[in-house]
Amino acid sequence: MTIVKHRKIFFIGSLFLVVASLMAIFGYGLNLGSDFVGGVAIEIEYAGERPTLANLREAVSEFGLPGLVLQPSGENGLLLKIKTLTETEKEQVMTKLALAGEAPFTEDRFSEVGPTLGKELSRKGLIAITLVVILIILYIAFVFRQVTAHHMSSWKYGLVAIVALAHDVIISTGAMALLAHFTGAETDALFLTALLTILGLSINDTIVVFDRIRENLNRHSSNDFAEVVGRSLKETYIRSINTTLAIVITLVCLLIFGPESTRHFAIILLVGMTIGTYSSIFVAANLLVEWEARQRARLSVR
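Residues 1 to 302 in full-length UniProt numbering are what the sequence shown lists, from first letter to last.
Check the hints yourself; a few may be wrong.
Stated by the list, open to error - Okay, derived cross-link-like pairs now, BS3-like style, lysine-lysine, Cα gap no bigger than 30 Å in a straight line:
#1 K234 - K8
#2 K119 - K90
#3 K156 - K234
#4 K96 - K83
#5 K8 - K156
#6 K119 - K83
#7 K83 - K124
#8 K234 - K5
#9 K5 - K156
#10 K124 - K156
As the list claims (entries may be wrong) - The following label-pair restraints were derived from C-beta to C-beta distances:
#11 E75 - F11: 43 to 53 Å
#12 T183 - K96: 16 to 26 Å
#13 G200 - K96: 41 to 51 Å
#14 A293 - I127: 31 to 41 Å
#15 D108 - I12: 44 to 54 Å
#16 F26 - R294: 25 to 35 Å
#17 S261 - A20: 23 to 33 Å
#18 T193 - A246: 14 to 24 Å
#19 V19 - R296: 28 to 38 Å
#20 A20 - N218: 36 to 46 Å
#21 I238 - I9: 16 to 26 Å
#22 E235 - T193: 30 to 40 Å
#23 T52 - E235: 44 to 54 Å
In case anyone wonders, no lab produced these hints; they're calculated from the structure. Cβ coordinates follow ideal geometry from the N, Cα and C atoms, glycine included.
Please take these sequences and the hints and turn them into a complete structure.
Below, the structure written as structure tokens:
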């Protein structure tokens with residue numbers, strides 16, 4: 001199949017995207033929100049129509065509040081996230097917000113997240129991603145334990161799947177770094193949720209492809225490995241693309257019609273879903289072919 005035959009082109013494309021993403025991550029950095037570094041969250045509810053976010057931002061811009069994020073909450077509510085806020089600054093901000101709207105508002109919630117809690121969330125997020133990776137390797141190694149054709153052990157399937165997932169996570173994080181640099185988007189708990197969702201959906205696609213490879217290897221174990229992988233991709237890629245398109249349509253609707261607070265979440269999922277499908281079809285399966293070819297070459301030398 002063409003995908004397998006020209007696999008080095010896809011490897012180069014993936015390498016370019018990964019390197020560009022790493023440059024964005026380390027060059028621009030991530031704008032960590034109060035969920036990770038601590039800060040203040042204030043939720044208010046206007047008695048009438050809420051002013052536009054542009055007007056509200058303009059009203060409080062003179063204070064130069066660090067890490068200020070304004071998010072709609074419900075029909076007439078507003079959520080403010082600020083990294084640091086003194087009592088005096090809070091009173092001044094509340095006064096400006098009151099003047100910005102025609103209707104009065106009430107303060108529904110005021111909460112402060114300390115740096116310790118932010119670090120705890122970061123630690124738990126890292127643990128969650130690490131556990132996902134370990135469980136995926138163990139699951140694939142167990143499910144594919146009977147695949148021995150062409151000396152490809154089940155552990156190799158698991159390791160290749162993890163490489164593909166790392167590819168997806170790095171590129172998605174690079175997209176977040178670009179959003180942070182050009183739009184000021186915050187990296188918050190929603191971003192962590194998006195990453196875990198991308199991991200789940202991407203590994204599902206990869207396992208579908210690997211499972212078809214396993215079935216075809218059992219039926220045609222004497223055939224060339226690259227040929228079996230090519231046939232398997234031909235039998236599964238339409239399903240993978242159709243599944244992704246259905247999710248992409250939903251995310252586009254969320255991006256267009258959803259609240260502003262979920263916009264960056266939808267963008268990251270769009271990037272992650274697209275890259276996840278790409279890696280399942282063009283990267284993971286081709287890595288298996290490349291690994292098997294190099295292994296066969298080493299054995300022939302011996």
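Worksheet item: What hint numbers does the structure not satisfy?
Response: As far as the earlier hints go, not one is violated by this structure.
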